[in-house]
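Engineer: Keeping their order, the protein sequence lines are chains E and D.
For the first sequence, counting from 1, position 165 maps to 165 in full-length UniProt numbering; every step adds exactly one.
For the second sequence, counting from 1, position 366 maps to 366 in full-length UniProt numbering; every step adds exactly one.
Treat the hints as calculated values from the structure; they're not laboratory data.
Keep in mind that the hints are not guaranteed to be accurate.
What the hints assert, rightly or not - DMTMM-like, lysine to aspartate or glutamate: derived pairs with alpha carbons at most 25 Å apart: (1) D:LYS25 x E:GLU318; (2) D:LYS23 x E:ASP284; (3) D:LYS25 x E:GLU262; (4) E:LYS106 x D:ASP5; (5) D:LYS29 x E:ASP284; (6) D:LYS25 x E:ASP170; (7) D:LYS29 x E:ASP246; (8) D:LYS231 x D:ASP244; (9) D:LYS287 x D:ASP244; (10) D:LYS23 x E:ASP170; (11) E:LYS227 x E:ASP246; (12) D:LYS325 x E:ASP246; (13) D:LYS224 x D:ASP338; (14) D:LYS23 x E:GLU262; (15) D:LYS25 x E:ASP246; (16) D:LYS23 x D:ASP244; (17) D:LYS226 x E:ASP284.
If you're wondering where the values come from, they're calculated on a predicted model, not measured in any experiment.
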Amino acid sequence: MASMLELRTPGFNPCSVKYSPYYDSRLAVAASANYGIVGNGRLFCLGLSAAGVQIEKAFDTNDALYDLAWSEINENQLVVACGDGSIKLFDLGVNDFPVMNFHEHKRETFSVCWNPITKDTFISSSWDGTVKIWSPTRHESLKTLPIGCCTYSTAFSPSNPAIISAVSSDSHIRIFDLRTPVSAKYHLITMIPVHAPPSGPTLPRLADGRTYAGGMPAEILTHDWNKYNDTVIATGGVDRLIRTFDIRNPTGGPLAVMAGHEYAVKRVAWSPHASDILVSASYDMTVRVWSDDSSSVPAAPGTIRTGAEIGLMNRHTEFATGVDWCLFGSGGWVASVGWDERVLLWDAHGLLRR
Amino acid sequence: MGALDRLQSLGNQLSSAVGTGGKAKILEKNPDDIVVTACLRTAITKGGKGQFKDTPAADLMAGALTAIIQRSGINPSLVEDIAVGTVLAPGGGATEMRAAALVAGFPETTAVRTLNRQCSSGLQACVDVANQIRTGMIEVGIGAGVESMSTQYGPGAVTEFSDLLENHSEAANCKVPMGVLSEAMAKDRGVSRASQDAFAAASFQKAVKAQADGLFKEEIVPLKVKFEDPKSGETKEIVVDRDDGIRDGVTAESLGKIRAAFAKDGSIHAGNASQVSDGAAAVLLMKRSTAEKLGQTIIGKFVAASIVGVKPLLMGIGPWKAIPKVFELTGITKDDVDIYEINEAFASQCLWCANELGIPQEKINPKGGAIAFGHPLGCTGARQVSTLLYELKRRGQQVGVTSMCVGTGMGMAAVWVAE
Numbered sequence: 001m002a003s004m005l006e007l008r009t010p011g012f013n014p015c016s017v018k019y020s021p022y023y024d025s026r027l028a029v030a031a032s033a034n035y036g037i038v039g040n041g042r043l044f045c046l047g048l049s050a051a052g053v054q055i056e057k058a059f060d061t062n063d064a065l066y067d068l069a070w071s072e073i074n075e076n077q078l079v080v081a082c083g084d085g086s087i088k089l090f091d092l093g094v095n096d097f098p099v100m101n102f103h104e105h106k107r108e109t110f111s112v113c114w115n116p117i118t119k120d121t122f123i124s125s126s127w128d129g130t131v132k133i134w135s136p137t138r139h140e141s142l143k144t145l146p147i148g149c150c151t152y153s154t155a156f157s158p159s160n161p162a163i164i165s166a167v168s169s170d171s172h173i174r175i176f177d178l179r180t181p182v183s184a185k186y187h188l189i190t191m192i193p194v195h196a197p198p199s200g201p202t203l204p205r206l207a208d209g210r211t212y213a214g215g216m217p218a219e220i221l222t223h224d225w226n227k228y229n230d231t232v233i234a235t236g237g238v239d240r241l242i243r244t245f246d247i248r249n250p251t252g253g254p255l256a257v258m259a260g261h262e263y264a265v266k267r268v269a270w271s272p273h274a275s276d277i278l279v280s281a282s283y284d285m286t287v288r289v290w291s292d293d294s295s296s297v298p299a300a301p302g303t304i305r306t307g308a309e310i311g312l313m314n315r316h317t318e319f320a321t322g323v324d325w326c327l328f329g330s331g332g333w334v335a336s337v338g339w340d341e342r343v344l345l346w347d348a349h350g351l352l353r354r
Numbered sequence: 001m002g003a004l005d006r007l008q009s010l011g012n013q014l015s016s017a018v019g020t021g022g023k024a025k026i027l028e029k030n031p032d033d034i035v036v037t038a039c040l041r042t043a044i045t046k047g048g049k050g051q052f053k054d055t056p057a058a059d060l061m062a063g064a065l066t067a068i069i070q071r072s073g074i075n076p077s078l079v080e081d082i083a084v085g086t087v088l089a090p091g092g093g094a095t096e097m098r099a100a101a102l103v104a105g106f107p108e109t110t111a112v113r114t115l116n117r118q119c120s121s122g123l124q125a126c127v128d129v130a131n132q133i134r135t136g137m138i139e140v141g142i143g144a145g146v147e148s149m150s151t152q153y154g155p156g157a158v159t160e161f162s163d164l165l166e167n168h169s170e171a172a173n174c175k176v177p178m179g180v181l182s183e184a185m186a187k188d189r190g191v192s193r194a195s196q197d198a199f200a201a202a203s204f205q206k207a208v209k210a211q212a213d214g215l216f217k218e219e220i221v222p223l224k225v226k227f228e229d230p231k232s233g234e235t236k237e238i239v240v241d242r243d244d245g246i247r248d249g250v251t252a253e254s255l256g257k258i259r260a261a262f263a264k265d266g267s268i269h270a271g272n273a274s275q276v277s278d279g280a281a282a283v284l285l286m287k288r289s290t291a292e293k294l295g296q297t298i299i300g301k302f303v304a305a306s307i308v309g310v311k312p313l314l315m316g317i318g319p320w321k322a323i324p325k326v327f328e329l330t331g332i333t334k335d336d337v338d339i340y341e342i343n344e345a346f347a348s349q350c351l352w353c354a355n356e357l358g359i360p361q362e363k364i365n366p367k368g369g370a371i372a373f374g375h376p377l378g379c380t381g382a383r384q385v386s387t388l389l390y391e392l393k394r395r396g397q398q399v400g401v402t403s404m405c406v407g408t409g410m411g412m413a414a415v416w417v418a419e
C-alpha cells in the first residue's frame, strides 16, 4: 500500500475510531486496557500534521471504553461509551475529567451516536437492553427505548432526526420513530429479522446462483445508515456476513449479502462519498472495502445481490475493531483500529481492485 | 459488568460458526470441551452361565474402575465424583458401588453415586458427570455402568403396582414386559419376522468378524474372577477377556427356525432380542484444559445429549425421537454422523428406528450389538462410548451417536466426536 500513517496506543486496545465532523486533521480513538475485558479505558484525541499523526490529548476512565461520538454542535466535545454503563462528555479544552457524566445504563454502554440533523441530542445503547436518548446539557436521559437484549449499536437516521435504529444480540434491526405516539410499542415502528430469508413462497437466489435460505439467528454487532439512500441500512455480526436492508420492506429479506470475512464483523461504515461503497472491520484482522453493486444494473426479481469485495487491508495483526471514513478531501481516507494497539490511516483508493 | 461475562460474550462472538454449519462447530476444539481421556469395558458374558455368572456387580465395577486408573494413569485423588448406572441392584447399589470405588484404589475423597434410568443408565451417568464438569461442580469425573443380570435379574426388579397406578391405563402400561410390548409394536409398525431375523443375523456376523479381527481388544479389559464349573462343581480362577455371547454361523435362516417367545404368531424370540448379560464399563471425563494440564491423552469429546419421552407401550421408538432432538441441539444432520451405536434391545425396534430416520445399515452398530454380545442393562450406555470411539478412531472418522430406547417409554441419544 502506497501511504499509511500509523500510531501506537501502548497498553490500550482500541475499540472504536471516529473522524471529527469539523476538521480533516482531527480524530479520536476509544481504547481499553486488556482488550476491554478488565481494567481502565483511555480516550485518545489525535491530530494530523506534516509530522504525521500525534496524540494531542488523552483522557483516562475507570472502566473500558467501547465507542465514541463527536459532538455535532461543539467541535471540541465528544462522548464515550463506558464499560461501567456511563457515558462521559469530554471537552478538549478541559483536562483530565469529563465535563458531564451520564449514568443510567445498568450494564456496559456499547455505542453512542450524535444526532446529525438537530445536533441537540445523542443516543446510547447498552448490554442492559435499552437505547437512551440524551441531551448534552441534562444528566437524566430524555427517553428510554426498550430493546430487551444486548444492543451493540444504535444510530440516528442521517436524514431524519426522529428516526433511530438499533441492532442487537437477537438478530433484529429495530427502527423507532419518535414522532409516533408512545403507546405500547415505545415508538417502535419496524423490526427486521436479519437472519431470515424473505417471506414468500419461493426462496430467492443469490447473484451467484445459490439459493438464499437465510441462516441461524446470530448476534448483530454493528450497523450503519447509507448516506445517500435514506432507507438503506447495512449490518454486520457474528455470522460473518454483511447485509443491506431497505427498512421500507422489513420482511423482504436483504438487498445484498456480502460474504468474505472469516470471523465476526465488528464494524461497518458507509462511505460519505459514494452511495454504493462501505468498509468493514472484522475479528479476522482484516478491513475490507465493498461495493453493494447497487449502482450497477438493478437486481433481477427474486435475486439478491452479492456485492463485491473491492479491497482488503490486512495490516492489522489482531482483531480489527473500528473503522471510519474521513469526511473531507478527495474521499477515500479511512482510519482503522485494532486490538494490536494501532491506529492506521490509509487511502482506500490505494487498494481498490477495479 | 463482570470480566467473565465480557470474556464469554467475546467468545460467543468468535465461536459461533454459523456460516459453516453444525458439523464444523462440533469439531472445534475449545478449552471448555468435555473430553474423554479413557474409556473401557469388561467383556460381556452370558447371564446365568457365562464366565461372570459368579461375579457380583460391584466386583465387575471394581475391575473396570481399577483398569481405568491404570489405563489413563490419572492420580485417583483427582477424580471427584463417580456416577454408576445400574438398574437391578437392590437399594440402587449405592453402598456396594462406593465400596467398589475404594477397592479400585480411589481415596475416600472420591464421591460415588448410582443412578437408574433403566437401559440408558450408563449413558445418563456419563452425561451427568459431563454436566457436573461443565457447570464447574467438579473437575474430573467418571461415568460408568454395570449390571450383573446373573445375580440380580428376577421378579424382584419391579415393586408391585398400587391400585392407583393399576387404575390409570397409561401408568399401568409402564409395567408391561418389554418382550410383550415389543411384540405388539412390531406388529403395529409392520416390522416383519424376516427383516428382524436378517438384522439380528447381521449383528451376529458383524460381531463374529469384529471379534476375529480383534476389534474389541482396545475396549475390553481382562478381568480375573472366580468361576464355578457347572459340571465339576469346582471353583477356579479364570481370566475373562472376550464376549462369550457371540455365536458363529448364525444366519437369518437359522434364526427363522426359532419359535416366537411372546406370542404364538409373534416375531420376537431369543435370537433377535438382546441377550441377558453381565458386564461393566467406565468413561473418564474432564475439560480439555484439564486434560492438557494433566497430560491426559484425549480420545474423544462429549458434545451433547438428549432425553425424550414416548408412549410406554412404544418404548422401542425412543431413539427415533431422541436422535433428531440431539441433532437439533448440536445443529448437525444425520449425514454428518459416521457411526450410530443404537442399542439392539430388540431387532424390531432398532430396525424400525433406523429405517424411519433413514440411517443406512452400514452406519449402525458396525461391530454388532446387544443381540450378538448382550445388554447388561446399566452398563450398555457407558459400554457404547468405548465401542464407538475406538471404532471411529480405527476408521479415521469423527462423529458418532450413541442411543437407546428406555423401558417405560423414553429415549436417549448423545453425540460424540473421536479425536
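Engineer: Compare the structure with each hint and give your call.
Structural biologist: Each hint, compared with the structure:
1. D:LYS25 x E:GLU318: Since the Cα atoms of LYS25 of chain D and GLU318 of chain E sit roughly 22 Å apart, the hinted pair holds (cutoff 25 Å).
2. D:LYS23 x E:ASP284: Distance ~21 Å between LYS23 of chain D and ASP284 of chain E Cα, so the pair holds.
3. D:LYS25 x E:GLU262: Roughly 14 Å separates the two Cα atoms, so the pair holds.
4. E:LYS106 x D:ASP5: The given pair, whose Cα atoms are some 14 Å apart, holds under the 25 Å limit.
5. D:LYS29 x E:ASP284: Measuring from Cα to Cα gives roughly 18 Å; hence the hint holds.
6. D:LYS25 x E:ASP170: Since the Cα atoms of LYS25 of chain D and ASP170 of chain E sit roughly 20 Å apart, the hinted pair holds (cutoff 25 Å).
7. D:LYS29 x E:ASP246: violated, 39 Å
8. D:LYS231 x D:ASP244: Between LYS231 of chain D and ASP244 of chain D the Cα gap is close to 18 Å, so the pair holds against 25 Å.
9. D:LYS287 x D:ASP244: violated, 36 Å
10. D:LYS23 x E:ASP170: holds, 23 Å
11. E:LYS227 x E:ASP246: holds, 13 Å
12. D:LYS325 x E:ASP246: Roughly 36 Å between the alpha carbons, so the hint for LYS325 of chain D and ASP246 of chain E is violated.
13. D:LYS224 x D:ASP338: violated, 35 Å
14. D:LYS23 x E:GLU262: holds, 17 Å
15. D:LYS25 x E:ASP246: violated, 32 Å
16. D:LYS23 x D:ASP244: Violated. LYS23 of chain D to ASP244 of chain D sits at ~37 Å, over the 25 Å cutoff.
17. D:LYS226 x E:ASP284: Violated, at roughly 62 Å.
Of the hints listed earlier, those the structure fails to meet are numbers 7, 9, 12, 13, 15, 16, 17, in rising order.
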